[in-house]
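**Student:** Sequence:
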Amino acid sequence: MEIEKLFKALSDPTRVRVLLLLSQKKLCVCQLQKILKLPQSKLSKHLSKLRDLNLVVGYQDGKFIKYELSKNYFLENILVLVKESKNLDEQFQVDLSRIDKFDYLIGDVQ
7 MEIEKLFKAL
17 SDPTRVRVLL
27 LLSQKKLCVC
37 QLQKILKLPQ
47 SKLSKHLSKL
57 RDLNLVVGYQ
67 DGKFIKYELS
77 KNYFLENILV
87 LVKESKNLDE
97 QFQVDLSRID
107 KFDYLIGDVQ
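Residue numbers (our numbering): 7 to 116.
Please note: incorrect hints may appear among the correct ones.
Derived pair list, reagent style BS3-like, types lysine-lysine, alpha-carbon separation capped at 30 Å [to be verified]:
id : residue 1 : residue 2
1  : 77        : 11
2  : 48        : 107
3  : 48        : 32
4  : 69        : 31
5  : 40        : 72
6  : 89        : 48
7  : 89        : 31
8  : 72        : 48
9  : 55        : 107
10 : 69        : 48
Calculated directly from the structure, the hints in this document are not laboratory data.
Turn these sequences into a full structure, and let the hints steer you where they fit.
**Tutor:** Structure (structure tokens):
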């Protein structure tokens, strides 16, 4: 992967929010959509970009496609640094507080 493309992808706050959420747990589009309060079309474009760069992978889980982070040591380390940052976006804290709230959408009772 070209480093420039990775950093360009990470320059978008929505994509960073998606990656940070997926670093916590596997989520389907409907869950991400509710957590992030984004239209499905916009979220799909972000996920497509992340898939094209092999930063996330989607897999079939029943009738849903769940997404998870790809095994990428470089990305994992960047996300650790972002999470440890004192300037971590307040919005991510809100996202994180909502991460389990929408498990019912896929019948997940964890």
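**Student:** Decide if the proposed pair is consistent with the structure: residue 69 and residue 31, CA atoms, cutoff 30 Å inclusive.
**Tutor:** holds, 18 Å
**Student:** Tell me if the straight-line CA distance from residue 40 to residue 72 falls inside 30 Å.
**Tutor:** It holds: about 14 Å lies between the C-alpha atoms, which stays within 30 Å.
**Student:** Can you confirm whether the C-alpha distance between residue 69 and residue 48 stays at or below 30 Å?
**Tutor:** holds, 21 Å
**Student:** For a C-alpha distance cap of 30 Å, please report whether residue 77 and residue 11 respect it.
**Tutor:** Since the Cα atoms of residue 77 and residue 11 sit roughly 17 Å apart, the hinted pair holds (cutoff 30 Å).
**Student:** Is it true that the CA of residue 89 sits at most 30 Å from the CA of residue 31?
**Tutor:** Holds: residue 89 and residue 31 sit about 15 Å apart, inside 30 Å.
**Student:** Is the hinted pair residue 89 and residue 48 satisfied, with a Cα-Cα distance of at most 30 Å?
**Tutor:** holds, 24 Å
**Student:** Holds or violated: are the alpha carbons of residue 55 and residue 107 at most 30 Å from each other?
**Tutor:** holds, 26 Å
**Student:** Hinted pair, alpha-carbon criterion (30 Å max): residue 48, residue 32. Please report holds or violated.
**Tutor:** Since the Cα atoms of residue 48 and residue 32 sit roughly 19 Å apart, the hinted pair holds (cutoff 30 Å).
**Student:** Under the criterion that the straight-line Cα-Cα distance not exceed 30 Å, is the pair residue 72, residue 48 satisfied?
**Tutor:** Distance of about 17 Å is within 30 Å: holds.
**Student:** Holds or violated: residue 48 with residue 107, Cα cutoff 30 Å?
**Tutor:** holds, 21 Å
In summary, this structure violates none of the numbered hints.
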